[in-house]
Structure formats: C-alpha cells, structure tokens
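**Student:** Now for the letters of each chain:
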Amino acid sequence: MQYTLLITGSPYHSKACHTALRFIRAALNKSPDSIKGVFFYEDAVLIGSQVAQPPRDEINLTQAWQEIAEQHNIPLYLCIAAAVRRGIINEGESRRYELEQHTLAEYFQLEGLGTLVDLMNTTNKIIQFR
Amino acid sequence: MTNKTIVLDEEGYLLNLQDWTPELANQLAQEVEVELTEAHWEIIHLLRDFYQEFEVSPAMRPLVKAVSKKLGAEKGRSIYLMMLFPGSPPKLAAKIAGLPKPANCL
Amino acid sequence: MKHTLIHLNTSPYSSLACKEGLDLALVLATFEQPVDLCLSGAALALLSDTQQPTAEHGKNLHKLLAGLEFYDIENVYIEKNHSWLDSTTSWQGVTPLDSTEWQTMFSQYQQVFRF
Chain D
1 MQYTLLITGS
11 PYHSKACHTA
21 LRFIRAALNK
31 SPDSIKGVFF
41 YEDAVLIGSQ
51 VAQPPRDEIN
61 LTQAWQEIAE
71 QHNIPLYLCI
81 AAAVRRGIIN
91 EGESRRYELE
101 QHTLAEYFQL
111 EGLGTLVDLM
121 NTTNKIIQFR
Chain P
1001 MTNKTIVLDE
1011 EGYLLNLQDW
1021 TPELANQLAQ
1031 EVEVELTEAH
1041 WEIIHLLRDF
1051 YQEFEVSPAM
1061 RPLVKAVSKK
1071 LGAEKGRSIY
1081 LMMLFPGSPP
1091 KLAAKIAGLP
1101 KPANCL
Chain W
2001 MKHTLIHLNT
2011 SPYSSLACKE
2021 GLDLALVLAT
2031 FEQPVDLCLS
2041 GAALALLSDT
2051 QQPTAEHGKN
2061 LHKLLAGLEF
2071 YDIENVYIEK
2081 NHSWLDSTTS
2091 WQGVTPLDST
2101 EWQTMFSQYQ
2111 QVFRF
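In order, the protein sequence lines correspond to chains D, P and W.
Counting along the first sequence from 1, when you hit position 111 you're at 111 in my numbering, and nothing is skipped either side.
Remember, my numbering sits 1000 above the position in the second sequence when you count from 1.
Remember, my numbering sits 2000 above the position in the third sequence when you count from 1.
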C-alpha cells in the first residue's frame, strides 16, 4: 500500500502538519516505501518557509519535515499558486517577480496542482490532513 | 491612445485589467507576431465575456467548450484555436484580451 | 482514474478555503478527472444570488457556479430542507439529496477532499 498525503491545515491553526508527520513515521516503520509524496495546499504551504523561526524550546516543524524528506527520500511539494500568494518563493519565482529574496526552505519544491493529480493516479490512497 | 503608461507584469499580462483597449490588444498581438483578424476578435470578445461572467480565465478545455457553445462546433476545436493563437491558446489569447493568466494552465 | 468529491463546508468569503477548494476542482476537471462538488454548512451561502463581494471579500465565487458546466463539473449536491435557502434567490444548478442519499454519497467516491 502506498500513500500520498494532502495537507491543507495551517501549521499554526491546526495540528495537520504535526499529525501527518507522525502518520508518516508510523507508515515508514511498517513499510519503508509506503509514502509516495506529500502535497501541501492552502495554509499548509507555510511549512515551507525558511525564514519562520519557532522559539528555541519548541518543535521546529519545518526542520522535522526536512529530516524525514532527507532520510527517506520523500518529495515535499507545495502548491505553487498557494505558496507564492503567501510569500513562499523559490529562486525562479523570485526572479520572475523581480524580488530580492527567496523564502522556500530546502527539500520543499513548488509544483502546480497537476502534480497532485499525478500523485493521485499513481498511489493507492490519498489522505487529507486538515 | 492616451499617454498613460500601460503596465504589464513580468510575463506580459496586463497588471490593471481596466487598462485594456482594443488598440492595446493590437499592440500586444504585434509583440507576439499575431495579426488580429475578425476570427481572433471573436475569440477575444468571447474570452472577455467569459471572464466577466465567471471571474476566471479558462484553461484549454473550458475554452474549447465555451467556443463550441457560442460560436459553433466547427470553431470549438483546439486545432482551430491553435491556428489563431499558436503555442498555448488560453494563455496567448488571455494576454491579448487583457485578462489574467489562466491558473494551472497546461 | 479516480472519482473525486470536493466538499465545501466553510463560509465563502471568510477565508480562502472555498476558493482554493474550487480551484482544485477546476484543476481536476482540466486534467479530465471526474469530479463532483457538495456544499454544506456555511458554504451553502455560496448559492445565494444576492452576493456582491467587494475586492476585500475576494473573487465573486458565486459567479463561478454558472461556469462549472464548461469544466464538465455537472454535479453540485446539497442536502434537502435548508429552509433558509430560498429557491427563488439561489443558484438552480444544485441537486438536493435527502439525508440517506447525502450519507451514501460520500461512499461513492474514491477520494473526498474537504475545504
């Protein structure tokens, strides 16, 4: 069984990004290639900010996602339209909008919703966390 | 044309949709080497109506459907639209019609 | 190919949720994936004809309903008996379901996304 995760809950207004992480750890524990990819949409794209700084004595959620992506080779996609609207911008978009900075954290990538459609059609199950 | 500066975004789409005029459409078309004929105008007006009505710039499939419904099945084919607006008809036509770029357009 | 249901349950102009849910529906349809919509709760306000959102409210999402046919999105379900929904001033393209039909609806789809 392979899963794709769709996460729509804001990292600040919901526990979607936290719970999804725990789900992934449990799934990987059972079967190492059970996660096909993770797609962040709506306010969940805020997880991909490299400039947000949680207080030192709290969990760094973005970092936790980066670690799991690195260790298990799981692609982390952010909806490009949702991300750009919220200031999560990679180098390409930064050039396109003639900005001086980019804010996308490492291991995250901006993709269109078409990528989500591809994931849907190539995995058994898609689970939404909101 | 007035002397007002028309501002385009980084991809050549109109920033202020109210700035659009038929003259501007001709100018925008020239820049991409498209000569606007009656057949083009028909689509441009249809697109502008579509946007007025639904507040969204259509991607290829809905555009084809809308053309088919309003102008007949003969014109409601992607090959016909490709001929008028080569490359990506929804994007190019939206640009010339002074509309936002269609989201998630293929 | 999977059959998708997009379930809107939040108020159309209080957040981007309805807008982004509808965007997803349009993209699925553009990629020729079968997709239906259903509305409940505060999202039912989307159906009212009398909306005049300003730029601060966001795009007029009600207008999009009439355009769904061009995306081949043919089914928009609601649950019957919302007495406050006046049929003379609300969008007529919906399919009202009784509560049993409404409940079975959710099991007819391979995936349901909520906004």
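Keep in mind the hints are simulated off the structure, nothing from the lab.
Be careful, since some hints might not be right.
Ranges of calculated distance between the beta carbons of each label pair, as one might list FRET restraints [said to hold, decoys possible]:
1) THR2050(W) with SER14(D): 28 to 34 Å
2) SER2015(W) with ILE59(D): 34 to 40 Å
3) GLN50(D) with MET1082(P): 48 to 54 Å
4) LYS2080(W) with GLU1010(P): 47 to 53 Å
Computed cross-link-like contacts, DSSO-like style, restricted to lysine-lysine with a CA-CA straight-line distance of at most 27 Å [as the list claims (entries may be wrong)]:
5) LYS1070(P) with LYS2002(W)
6) LYS1091(P) with LYS2059(W)
7) LYS2019(W) with LYS15(D)
8) LYS1101(P) with LYS1069(P)
9) LYS1091(P) with LYS2080(W)
10) LYS2063(W) with LYS2080(W)
11) LYS2002(W) with LYS2019(W)
12) LYS2080(W) with LYS1069(P)
13) LYS36(D) with LYS2059(W)
14) LYS15(D) with LYS125(D)
15) LYS2002(W) with LYS30(D)
16) LYS1065(P) with LYS2002(W)
17) LYS1101(P) with LYS2063(W)
18) LYS1065(P) with LYS2019(W)
19) LYS2059(W) with LYS1075(P)
20) LYS2063(W) with LYS1091(P)
21) LYS2080(W) with LYS1070(P)
22) LYS2063(W) with LYS1070(P)
23) LYS2019(W) with LYS1101(P)
24) LYS1069(P) with LYS1091(P)
25) LYS36(D) with LYS15(D)
26) LYS1065(P) with LYS2063(W)
27) LYS125(D) with LYS2080(W)
28) LYS2080(W) with LYS2019(W)
29) LYS1065(P) with LYS1091(P)
30) LYS2059(W) with LYS1065(P)
31) LYS2059(W) with LYS1101(P)
32) LYS125(D) with LYS2063(W)
33) LYS1075(P) with LYS1091(P)
34) LYS1075(P) with LYS1101(P)
Being a predicted model, the structure only gives us computed values, none of them experimental.
We treat Cβ as the ideally placed atom computed from N, Cα and C, and that holds for glycine.
**Student:** Could you run down the list of hints and mark each one as holding or not?
**Tutor:** Against the structure, the hints:
{"no.": "1", "hint": "THR2050(W) with SER14(D): 28 to 34 Å", "in the structure": "holds, 32 Å"}
{"no.": "2", "hint": "SER2015(W) with ILE59(D): 34 to 40 Å", "in the structure": "violated, 25 Å"}
{"no.": "3", "hint": "GLN50(D) with MET1082(P): 48 to 54 Å", "in the structure": "violated, 41 Å"}
{"no.": "4", "hint": "LYS2080(W) with GLU1010(P): 47 to 53 Å", "in the structure": "holds, 49 Å"}
{"no.": "5", "hint": "LYS1070(P) with LYS2002(W)", "in the structure": "violated, 31 Å"}
{"no.": "6", "hint": "LYS1091(P) with LYS2059(W)", "in the structure": "holds, 20 Å"}
{"no.": "7", "hint": "LYS2019(W) with LYS15(D)", "in the structure": "holds, 22 Å"}
{"no.": "8", "hint": "LYS1101(P) with LYS1069(P)", "in the structure": "holds, 22 Å"}
{"no.": "9", "hint": "LYS1091(P) with LYS2080(W)", "in the structure": "violated, 40 Å"}
{"no.": "10", "hint": "LYS2063(W) with LYS2080(W)", "in the structure": "holds, 22 Å"}
{"no.": "11", "hint": "LYS2002(W) with LYS2019(W)", "in the structure": "holds, 22 Å"}
{"no.": "12", "hint": "LYS2080(W) with LYS1069(P)", "in the structure": "violated, 32 Å"}
{"no.": "13", "hint": "LYS36(D) with LYS2059(W)", "in the structure": "violated, 34 Å"}
{"no.": "14", "hint": "LYS15(D) with LYS125(D)", "in the structure": "holds, 21 Å"}
{"no.": "15", "hint": "LYS2002(W) with LYS30(D)", "in the structure": "holds, 26 Å"}
{"no.": "16", "hint": "LYS1065(P) with LYS2002(W)", "in the structure": "holds, 23 Å"}
{"no.": "17", "hint": "LYS1101(P) with LYS2063(W)", "in the structure": "holds, 18 Å"}
{"no.": "18", "hint": "LYS1065(P) with LYS2019(W)", "in the structure": "holds, 23 Å"}
{"no.": "19", "hint": "LYS2059(W) with LYS1075(P)", "in the structure": "violated, 30 Å"}
{"no.": "20", "hint": "LYS2063(W) with LYS1091(P)", "in the structure": "holds, 21 Å"}
{"no.": "21", "hint": "LYS2080(W) with LYS1070(P)", "in the structure": "violated, 34 Å"}
{"no.": "22", "hint": "LYS2063(W) with LYS1070(P)", "in the structure": "holds, 18 Å"}
{"no.": "23", "hint": "LYS2019(W) with LYS1101(P)", "in the structure": "holds, 17 Å"}
{"no.": "24", "hint": "LYS1069(P) with LYS1091(P)", "in the structure": "holds, 20 Å"}
{"no.": "25", "hint": "LYS36(D) with LYS15(D)", "in the structure": "holds, 21 Å"}
{"no.": "26", "hint": "LYS1065(P) with LYS2063(W)", "in the structure": "holds, 18 Å"}
{"no.": "27", "hint": "LYS125(D) with LYS2080(W)", "in the structure": "violated, 31 Å"}
{"no.": "28", "hint": "LYS2080(W) with LYS2019(W)", "in the structure": "holds, 24 Å"}
{"no.": "29", "hint": "LYS1065(P) with LYS1091(P)", "in the structure": "holds, 16 Å"}
{"no.": "30", "hint": "LYS2059(W) with LYS1065(P)", "in the structure": "holds, 23 Å"}
{"no.": "31", "hint": "LYS2059(W) with LYS1101(P)", "in the structure": "holds, 15 Å"}
{"no.": "32", "hint": "LYS125(D) with LYS2063(W)", "in the structure": "violated, 33 Å"}
{"no.": "33", "hint": "LYS1075(P) with LYS1091(P)", "in the structure": "holds, 18 Å"}
{"no.": "34", "hint": "LYS1075(P) with LYS1101(P)", "in the structure": "holds, 22 Å"}
Hint compliance for this structure: hints 2, 3, 5, 9, 12, 13, 19, 21, 27, 32 are broken, all remaining hints hold.
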